[in-house]
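K.L.:
Chain residues, written in single-letter form:
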Amino acid sequence: MRQERKADFLATLAQRRRTLAKGWYKYSRNPLSVLGLVLLVLIGLAAGLAPHITPYPAQAGAYTDFKNAGRPPSGEHLFGTDRIGRDVFTRVIFGYRFSLLLGIVVLGLGVAPGVVLGLLAGYHRGTWIESVIMRVTDVFLAVPPLVLALAITAMLTPNLLNEMFAIALLWWPWYCRLVFAVSSSMRSQFFVREAELSGASEGHILFKEMLPNCLAPILTKMTLDMGIVILLGASLSFIGLGAQPPTPCLGTMVADGAKRLPGEWWSTIFPALAIVIVILAFNLVGDGLRDVFAVEEV
Amino acid sequence: MAKYIGLRLVQSVFVLFGLSILIFFIARVVPGDPARAMLGYLATQDQLQAVRVEMHLDKSFPVQYYYWLRDLFHGNLGRSAYTKRPVVTDLVQYVPATLELILFATLISLVIGQAMGILAGYFRNSWFDGVSRLVSYLGIATPSFVIAILLLFFFSQILHLAPSVGRIPIMTQAPPIRTGFMVIDSLLAGQFSTALVALSHLVLPAFSLAMIHIAQEGRITRSSIVENLGKDYITMHRVHGIRTSRLVFKYLLRPSIIPTVTVIGLDFAFLMSNAFLVELVFMWPGFARYALTTMLNKDLNAMVAVVLVIGLTFAVVNLLVDIVITFLDPTIRIQRRGG
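Chains A and B supply the protein sequences, listed in that same order.
Remember, the working numbering sits 1017 above the position in the first sequence when you count from 1.
Remember, the working numbering sits 263 above the position in the second sequence when you count from 1.
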């Protein structure tokens, strides 16, 4: 008995490994996806180890050194220094921490409710439950997220927490619509019918039967959305509605430096490029996953 | 067909109704005193109370909404706390500037996006295809405000090729307002040099807005061209000796028209929201900058109106797109007639 179970386990493991290897083969066919992955790993490591790898970690937050203010890029300050003498390279790396944190928190809070509502609407296709959920979703999708996020953050005290809250509040409808599209087409398929006939509970059907079949598009969309959420967050902090100084935030750094263009270009251009690179990396990885999972809905 | 459009109209009205409740809710439940925001910190209690009564802030939320909705049907969106003028007056003044910008951006993205997609698709795997793919990736990954700042930096501040901010130079006499579009108004008034200057002021902000859409439309057109290039009907036309230009514009481009029209519709609202950032960078005196300023000043009436205008634009444009597609695509026409 125990032997058997062990053999079963090993077989599953081997199969998982084969699936992974096949997925990786497909993924690695596209050099751009691999480039995206490399960029992401580098950015993630740099952000995680920011206090240890940046040259002047003390200068990330509240710090002034007017003697060294506005220095152009050099060996000492790779990206130069800003108007109050802080090392721009250090602040960019620390800025990545907040960008990634924003993306993770927003998707962490926003995806789950969207997925649950989408499953419910898909399972109860054609009933009042679907109508209510999907019409409310339509309302949230009736204006671009930036507009509603601006309205909400402008009403609240501008800080990182409220920025996350505002964007997370706007993110569930996208997943609701995606999961609804996938799960409603699954509704009348045999595996769902069979589960119903054998008396499975609704919770079992939703989460054990339908959800696993929605995971590929959800995962792909989450990767692509990391880029979009980071872009949205950068836009909000560019306007001044995100994390407040002295928090090293990429959008704020761009806005701050823009006032000193064209003279001290480095304090704007480098944070701006940093934003572009992280969004680009998520997009490339997302495209790669789309190829691997062969999803079209996202 | 008429039935379908009617259904869509009802849906749009429903969505806008829901949107008004949502935005009204956001505007009224947040902490802070709208009356105080309107009058400033020197106002007396009596003055505050008067404004509260005028804006029905002393009533419950549903009652406030009822009054607001009643005023809306009389064409009254309330008074802006920031400009102290009726919101409708403000909108009439600021919307055309943004509309001019957005329409110009749409034009740019259509022309360049199509051209890029056609060339990249026709000469696929060439160096041009590679460059256009790079442009597409960067266009999608770069926030509009970053593009705006980069363009401002390179073309205005370093190369001095384009003017930096505003619609026309301060010393220039603006033409009398007829359409609200600076370029067209100048032409109508016979001021050709002003029209040219106004156009040059449009270029950088419009490009900042258009970049992401150039990328998207380029991709759509390219993949459609690549898909159709190998098909038999194209080979047959080639064998018959049809000129390449005719082949591309008459036969190859046609399948990509429908996705392109769809994307233009979806993009319209996103152009409006990206205009919030681009107008800020270029100090463009438009709707988006008005919207941003009023939001930052907790100007409730203006904020509700602004969000609704964007929602309305989105709904109308998408309805138009749906109608256009129905006429373009016979299969959809027949489907909708049946359903």
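Treat the hints loosely; a few may be bogus.
As the list claims (entries may be wrong) - Label-pair ranges, simulated between beta-carbon atoms:
1) Tyr-1042(A) / Gly-493(B): 44 to 54 Å
2) Leu-305(B) / Leu-1118(A): 39 to 49 Å
3) Leu-529(B) / Asp-1308(A): 56 to 66 Å
4) Asp-1308(A) / Leu-302(B): 56 to 66 Å
5) Met-264(B) / Arg-1152(A): 18 to 28 Å
6) Arg-1019(A) / Gly-393(B): 15 to 25 Å
7) Gly-1257(A) / Ser-389(B): 41 to 51 Å
8) His-503(B) / Arg-1210(A): 45 to 55 Å
9) Arg-1210(A) / Thr-556(B): 53 to 63 Å
10) Ile-421(B) / Leu-1066(A): 45 to 55 Å
11) Gly-393(B) / Arg-1152(A): 51 to 61 Å
Source of the hints: derived by calculation from the structure; they are not laboratory data.
Note that beta-carbon positions come from the ideal geometry of N, C-alpha and C, so glycine has one too.
K.L.:
Each hint needs a verdict: does it hold in this structure or not?
P.N.:
Now for the hints, and whether the structure bears them out:
1. Tyr-1042(A) / Gly-493(B): 44 to 54 Å: Violated - the Cβ-Cβ distance for Tyr-1042(A) and Gly-493(B), about 26 Å, lies outside 44 to 54 Å.
2. Leu-305(B) / Leu-1118(A): 39 to 49 Å: holds (41 Å)
3. Leu-529(B) / Asp-1308(A): 56 to 66 Å: Cβ of Leu-529(B) to Cβ of Asp-1308(A): about 24 Å, so the range 56 to 66 Å is violated.
4. Asp-1308(A) / Leu-302(B): 56 to 66 Å: Between Asp-1308(A) and Leu-302(B), where Cβ atoms are some 58 Å apart, the hint holds.
5. Met-264(B) / Arg-1152(A): 18 to 28 Å: Hint holds: Cβ distance 24 Å, inside 18 to 28 Å.
6. Arg-1019(A) / Gly-393(B): 15 to 25 Å: violated (58 Å)
7. Gly-1257(A) / Ser-389(B): 41 to 51 Å: Holds: the Cβ-Cβ distance is about 45 Å, inside 41 to 51 Å.
8. His-503(B) / Arg-1210(A): 45 to 55 Å: Holds, since His-503(B) and Arg-1210(A) (Cβ atoms, about 53 Å apart) stay within the stated range.
9. Arg-1210(A) / Thr-556(B): 53 to 63 Å: At roughly 56 Å between Cβ atoms, Thr-556(B) and Arg-1210(A) fall inside 53 to 63 Å, so the hint holds.
10. Ile-421(B) / Leu-1066(A): 45 to 55 Å: Between Ile-421(B) and Leu-1066(A), where Cβ atoms are some 36 Å apart, the hint is violated.
11. Gly-393(B) / Arg-1152(A): 51 to 61 Å: violated (45 Å)
Of the numbered hints stated above, those contradicted by the structure are hints 1, 3, 6, 10, 11, listed in ascending order.
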